[in-house]
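Spelled out from the first residue to the last, the chains are:
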Amino acid sequence: MKIDFPHRQFAHCESGVTANLLNYHGFPCSEALVFGIGGGLFFGHVPFFKINFLPLTTFRVGPGGIFSKATKRLGIEVVKEKFRDPVAAEKKLDHLLQSGRPVGAQTGVFWLPFFPPAYRFHFNGHNLVVIGKEGDDYLISDPIFEETVRCPSEDLRKARFAKGALAPKGKIYYIEKMPEHFDLPSAVIAGIREVCRGMLKTPVPLAGVRGIRLLARRMTRWPDKLGEKKTLLYLGHVIRMQEEIGTGGGGFRFLYAAFLQEAAGILENDRLLELSEHCTQIGDLWRDFALLASRVCKKRVTIEDSFEELAQLLNRCADEEEILFNALATEIK
Amino acid sequence: MKKEDVPQEFGLNDGQKEVNYAVDSSGHYTLEQSAGWEVKTIALRQAWEAIVDQLVLELAAIKAGRKSPLAYHMVKNQMDPTLLSQYSGVACWRVKRHLKPKVFARLKPAALTLYADLFGVSVEQLRDVPEQPDLEFAEEDVETDSL
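First to last, the sequence lines map onto chains A and B. Each residue of the first sequence is one higher than the one before, counting from 1 in this note's numbering. Each residue of the second sequence is one higher than the one before, counting from 1 in this note's numbering.
Derived by calculation from the structure, the hints in this document are not laboratory data. Be aware that one or more of the hints could be misleading.
Quick list of in silico lysine to any residue cross-link-like pairs, SDA-like style, CA-CA up to 25 Å [as the list claims (entries may be wrong)]: (1) A:Lys225 to A:Lys201; (2) A:Lys2 to A:Val78; (3) A:Lys50 to B:Ser85; (4) B:Lys2 to A:Leu206; (5) A:Lys72 to A:Arg8; (6) A:Lys169 to B:Ala91.
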């Protein structure tokens, strides 16, 4: 059985899944809009929290946040469920599919056979929509792929019960009820407010623009502290977090700029168009940073020559983002 | 990023294209497919090369009789004893013991099957390690000097 589910390819898994689910349930919307309403943009650098022995650097809010917040702000009723028992988890999924409901699921990436081998790491914050089952295969709409894909049930079970950081524990989620009408402007404002707060007014110096400056400061010390090999690994990790599949480029900054462009229409505020342009320029700055960082990783330029410049680029990103989000905060007051 | 600047370079994504956000000539955002960006390929390749480097060390340790073949398969599957323990249900201290050649050699078939199934190999393959790391993550790209 297969649900007639319009699959659309997007940049980012969670906002893509959410947009596709909302679209199916009769609310046509873009990925950027969902990302913005869900307050997806963020920055965080936590040197003492290691993933694969590398310090955590993130350009977005934690997994699950975009779906929860976007649906909440739009007044959509959703159901989320986690499981202890894989058999029960599979039964519930099959039951929901039988009743004709597409189901969102959090999975690990490592066990998904349809992923290109080079992308199969132990990363457990991936999201996809299960839209049917044929024989022993699940049919899946994974928004980062061009077409829908098939996945043997055993592999999906492994992926749903992946272990380690952010273990999904078989988590599924689906839309229970759509509201009569949407209050789009206030949802958009709530999303923007959250991002402004996260980027400007965090109590800890690890997040927002302070987090970017922290990364810049610490980065200049890496060569002395870690030695060349580890420095390059740390640097490569930042590039991956910023540019890997699912960011839409520039650490989600382009995706957010697309949202601001849409928000300008919804809030009837042309000033947001200018801010969108600014956000695009910031994304370009991040791309410049990634470009130079990759040249360092490839040893086409030396650490000594380029680390000052890398730190300067990061500080410029931080300065520009501070200006952008301050301006954005005044626009939605 | 402008639409025409969306990179179409070599990627490690098996021909799968991914979506980038870029502005068109009239300033509107559009979704553009990207074949790959060398910057990303460099960073991704670096992560895999780190695993291969680790595998070389493990192979040397196994050859020298300091570690069991399990160490190789564990690293090949990007795991450490903690993660392997979570996946296998074997207590972490026991996983660490199984990394010792002598303990590993005495393991019962049931324990070996458990690990072999998890890694998707046969028990014979689990006991065996290759001469060189057999990690296949991507085809070789043509070295470009665009950077």
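Now the hints, each set against the structure:
no., hint, verdict
1, A:Lys225 to A:Lys201, "30 Å, violated"
2, A:Lys2 to A:Val78, "22 Å, holds"
3, A:Lys50 to B:Ser85, "19 Å, holds"
4, B:Lys2 to A:Leu206, "31 Å, violated"
5, A:Lys72 to A:Arg8, "23 Å, holds"
6, A:Lys169 to B:Ala91, "19 Å, holds"
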